[in-house]
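K.L.:
Taking the hints into account, I'd like the entire structure generated from these sequences.
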Amino acid sequence: MISLTHFLVVGALLFTLGLVTVATRRNAVGILMGVELILNGANVNFVAFNHYVTGGVTGQVFALFVIVLAAAEAAVGLAIVLSIFQTFKTIDVRHADLMRE
Amino acid sequence: MRSNAGKLVAWGVAVALVAAFAAYMTTQVIRPAAEASPLPTPGALTLPDIVFYVLAALTVAGAAGVALSRNILYSALGLLTALLGAGGLYVFLSADFVAITQLLIYIGGVLVLVLFAVMLTSRITDVKVSNASFGPFGGVLLFVAVAPVLLAVALLTPWAAREPGPLAPTTAAIGNAFLTRWLLPFEVASMVLLATLIGAVVIARKELKAD
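Chain order of the listed sequences is A and B.
Under the numbering used here, the residue at position 30 of the first sequence is numbered 30, and the numbers go up by one with no gaps.
One rule links them: number in the numbering used here = place in the second sequence (from 1) + 1000.
These are calculated hints, taken from the structure and not from any lab test.
For every residue, glycine included, the Cβ atom is placed at its ideal position computed from N, Cα and C.
There's no promise every hint is true.
Coverage of chain B stretches by chain A, computed from C-beta distances (three or more under 8 Å per stretch; other residues unrestricted) [to be verified]: (1) 1009-1015; (2) 1020-1034; (3) 1068-1079; (4) 1085-1091; (5) 1094-1103; (6) 1107-1115; (7) 1154-1164.
P.N.:
If you want it as structure tokens, here you go:
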């Protein structure tokens, strides 16, 4: 019998792996992938709680808003990555440090 | 030399903190919980159970691929698997509309966008498409620090779960919710998308020199 806890465990693992991706990657596109994983982990939790605890569709509506914002974030983030690539000729985030000094 | 020593000290402190935390979690939280409630005897494995475990394994394996693979293209393929698995889990949770949206927007839109960015930014003929991650050790440390907290919360909290209702189509209910209770967020989301559209074009276009 599959319970709420099973889904929460999957969501927690997705979130943690996304966090590790964001923290360890140097490639800007890889960092954006990690952000997508984090948002997906949160979404799994929303839909699971909606199904097992509250009923109705509120959690699903919230998950849809998260998907919309993730799409917007991906579009702007990748545009920034392209701009960084044109400026620095690399997408290694360690080289984008013009404002550091 | 000086900064090297500082780095070493910082790493040592981090390792000590995480080790102490792991020891605390095992002795204070996990062992009492395990003693208080022994594992329920597993019942017979039915078909839905097997489907769930396959989907969950697909999702977590894809996410691990994103986090661990050296090649950014393999990372993108891992993201594809993780998103597909999460979509399957939504079907399992009787959220059919969210599952289709996941398929259309994430896999059809975001993933294609990510692949375009990979192709446009790293020279594919170059051998160094690999994205060297800095410090796999730091990644392991972070995983050990974060995962036990989330898993303990998920496993030990007595959730107020109730018997889920039967499978039913949700599209009509979601449409109603969007146009009645969540009308303002819905409109704001469309404004955000418009702003994103314009902003992405402005950021990504080639700058024209005015001379």
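K.L.:
Each hint: holds or not?
P.N.:
Cross-check of the supplied hints:
1. 1009-1015: violated (count 0)
2. 1020-1034: It is violated: at least three residues are needed, and the region 1020-1034 of chain B offers just 0 whose Cβ sits closer than 8 Å to chain A.
3. 1068-1079: Per the Cβ count (4), the hint holds.
4. 1085-1091: holds (count 3)
5. 1094-1103: Satisfied; 6 residues make the cut.
6. 1107-1115: Satisfied; 4 residues make the cut.
7. 1154-1164: With 7 residues closer than 8 Å to chain A, the region 1154-1164 of chain B meets the three-residue bar; holds.
Violated hints, listed in ascending order, are 1, 2; each of the other numbered hints is respected by the structure.
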